[in-house]
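Just so you know, the protein sequences line up as chains A and B, in that order. Just so we're aligned: the first sequence equals residues 1 to 407 in the working numbering. Just so we're aligned: the second sequence equals residues 1 to 407 in the working numbering.
Take the hints with a grain of salt, since some may be wrong.
If several chains are the same, the list does not tell them apart, and a pair holds so long as it fits within one copy or across any two.
Heads up, simulated DSSO-like pairs for lysine-lysine below, C-alpha to C-alpha not over 27 Å straight-line [stated by the list, open to error]:
id, residue 1, residue 2
1, 290, 52
2, 248, 203
3, 375, 400
4, 119, 375
5, 135, 52
6, 400, 60
7, 52, 375
8, 26, 138
9, 26, 381
To be clear, the hints were calculated from the coordinates, so they are not data collected in a lab.
Protein chains: 2
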Amino acid sequence: MKIIEDGTVTNPKGYKGAGLHIGIKKRNKDFALIVSDVEAKAVGTFTTNMVKAAPVLWDKQVVENSDTVKAIAINSGIANACTGKLGEEANEKFANIVGNALNVEKEKVLICSTGVIGKQLSTDPIEKGIDEALKQLKDDHQAGIDVATSIMTTDTKPKHLAVEIEVKGKTVTIGACCKGSGMIHPNMATMLGFITTDLNISKELLNKALKSVIPDTFNMISVDRDTSTNDTVLLLANGLAGNDEIVKEDEDYQTFKEALYYVNEYLAKCIASDGEGATKLLEVNVNGAKDVKQAKVIAKSVCTSPLVKTAIFGNDANWGRLLCAMGYSGEEFDPYQVDLYIESEFGNLKLVENGMATDYSEEFATKILSSDYVKTNIEMKIADAKATAWGCDLTYDYVKINADYRS
Amino acid sequence: MKIIEDGTVTNPKGYKGAGLHIGIKKRNKDFALIVSDVEAKAVGTFTTNMVKAAPVLWDKQVVENSDTVKAIAINSGIANACTGKLGEEANEKFANIVGNALNVEKEKVLICSTGVIGKQLSTDPIEKGIDEALKQLKDDHQAGIDVATSIMTTDTKPKHLAVEIEVKGKTVTIGACCKGSGMIHPNMATMLGFITTDLNISKELLNKALKSVIPDTFNMISVDRDTSTNDTVLLLANGLAGNDEIVKEDEDYQTFKEALYYVNEYLAKCIASDGEGATKLLEVNVNGAKDVKQAKVIAKSVCTSPLVKTAIFGNDANWGRLLCAMGYSGEEFDPYQVDLYIESEFGNLKLVENGMATDYSEEFATKILSSDYVKTNIEMKIADAKATAWGCDLTYDYVKINADYRS
């Protein structure tokens, strides 16, 4: 697998992008299109929140009922969630405007919205802005960056990448971008994530590949334990790489799945490290657990604890809070069998052996924690299952962003 | 039921208290005794965290195996959690020192500790301070206040009350105090809570009464979703009110249980409103739910959401976050059937009708939310089950207290 420097969704063959300001937000780009030259197979994963936004309901239908799709259209500023029938109508109108512009039926257009919950989405800016969006559609680097930028809300930076793999003698490219900063605790899906590829693959296997990587990547991050109403990851495959279609779980499927895993993990970590107000990425590795479920539950419990998150912000090696968060996770284990390490580019330090403090240097611990990428490694010593969760610290700015935020 | 103004644990007949500085903390009171003139029946509820502090393990044995107890001894500053065999030995020595001083076996002494996790508890200050503590033992008002003050950690104020009821022609008094500010998300128990009564009641019914009120009071509060390693509520009954012993669930038992419920709810709300960094108490009432479990799960989900808590801090009527937190609670319901109100001494306002925004005044909403006691009332309109959860807002000071805190 080769990583394409500064890659985006427009890197795979036959994808164009556009991102611009059309007037849903007061300023900043708020509208994006991802269009495939030829129609692409599409699969997706969506929020499990009982409160589902109108575009989520729409996309679930589209990926189930449409063999292929033409485009993804995204607006930021308004989430179109908790908007009832009116919201569903606006969403359909949104798809219709884009479909008309692209000469396809509205059922060929996937829609995503992100922003304020509860406000109705006016389609007027879309109606007025669609021509300009079409004019800007390009397959170059800047177009991919524009897409990644236009979908941002409280994100501080665009999140995107692309990788290349070799499939049946052909070069296949995967491009991706995502957004997400607050209300991040995906369950079955995530905030908005868009992945394009020119791979030729059956829809069934495309779906299987996506579903197999989501649980260990996007579903293992959390900024604030709040699962959004709009979480969506969409994966398009238009087949333009020219490889023979992948129709069984052979070596090529594995190659694709591994690359897809890399892409998803990369994006997930981008979201966690750009969590609202975050100053650092927190990675919690649980090793030696009874089974994967136990490892995941404990990793998430530690990673979402407000007391762990504030300690990480304060560069405070308060390991008692980590053990405490393990203890209330609901999983059974012997605390006096647990070892605990902290790790960063500044070093690796064992804080806890068999549930009790080692004679560690507080100064060195603080140094390790002062990194912007801190790992805590938990050794359960029960069996050999493991899991990783990603989160971020809890800071003044998280409070500021969410207490001062006015739509 | 009569509420005794500024009442404490020393109000019931035959209880003495003391609270003083003995040197576990650098400054501030850090040691308390609650002693019953005659031995009292004792029951308790304890943390469900897999990581249990040494005093929790001790007290569980004591309430199970000792018919009666003489005293509760509490230290603040060191939690004696994650301290292994050494910690258990220190706890036993602690009980022994207090038992010797009171001329009872160590198994007659309940111990509670609160403070930093992972540090060993030295019993030297207790050994040196116990005589002074005995000297200060009094049954007056100040002694009760001293107890409530000595058990505080990041609490900003002591939390205590006393009530009187009439049982079989006799006046029965219930006194109580508690502490708790961070790491508050009790499950089966709470932070430290101590309840004294002079009621004469069988141990079985005493236990039953406590267990029946905890789930709706202490277990319905949360400051930060972190369930502590030391949560303990202890209830002593020494029978000195002189009433005939309550031995069945008669009217007198109900009277006692209702008073106990009041006491527990009062203390639970005190803890929630004095949550670390809190500027206001948040009460979430869920009405019309399918069953009590659904009502509780939804109330807790809303009450613990960081995005709801920051919105409440910012006086922002961001009802979308409330609906979102209901939606990811795991409970099934139709969002488009939900009504949502906010309420305080400044008024009552319907923000949401059938899952969508009403045409409410943003200004009035902000006014209502500016209170230090904000209620959100959620009408599910499914059936008639209900529940209440209490929490607090999430503020800069929560981050400050927990990121800057050094043992």
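Comparing the hints with the structure gives:
1. For a Cα distance limit of 27 Å, the shortest separation of residue 290 from residue 52 across copies, 21 Å, qualifies, whereas the shortest one inside one copy, 35 Å, does not.
2. When the C-alpha separation of residue 248 and residue 203 is checked against a cutoff of 27 Å, the pair qualifies only within one copy, where the shortest distance is 11 Å, while the shortest distance between copies is 67 Å.
3. For a Cα distance limit of 27 Å, the shortest separation of residue 375 from residue 400 qualifies both inside one copy, at 26 Å, and across copies, at 22 Å.
4. In this assembly of identical chains, residue 119 and residue 375 lie within 27 Å of each other by CA distance solely across copies; the values are 23 Å between and 39 Å within a copy.
5. In this assembly of identical chains, residue 135 and residue 52 lie within 27 Å of each other by CA distance neither inside one copy nor across copies; the values are 32 Å within and 64 Å between.
6. In this assembly of identical chains, residue 400 and residue 60 lie within 27 Å of each other by CA distance neither inside one copy nor across copies; the values are 35 Å within and 43 Å between.
7. Proximity of residue 52 to residue 375 under the C-alpha cut-off of 27 Å is restricted to the inter-copy arrangement: shortest distance 26 Å between copies versus 34 Å within a copy.
8. For the identical chains of this complex, residue 26 and residue 138 are intra-copy neighbours only, at 25 Å inside a copy versus 67 Å across copies, given an alpha-carbon limit of 27 Å.
9. In the homo-oligomer, the alpha carbons of residue 26 and residue 381 never lie at most 27 Å apart, since the shortest distance is 54 Å inside one protomer and 38 Å across protomers.
The structure is inconsistent with the numbered hints 5, 6, 9, although it conforms to all the rest.
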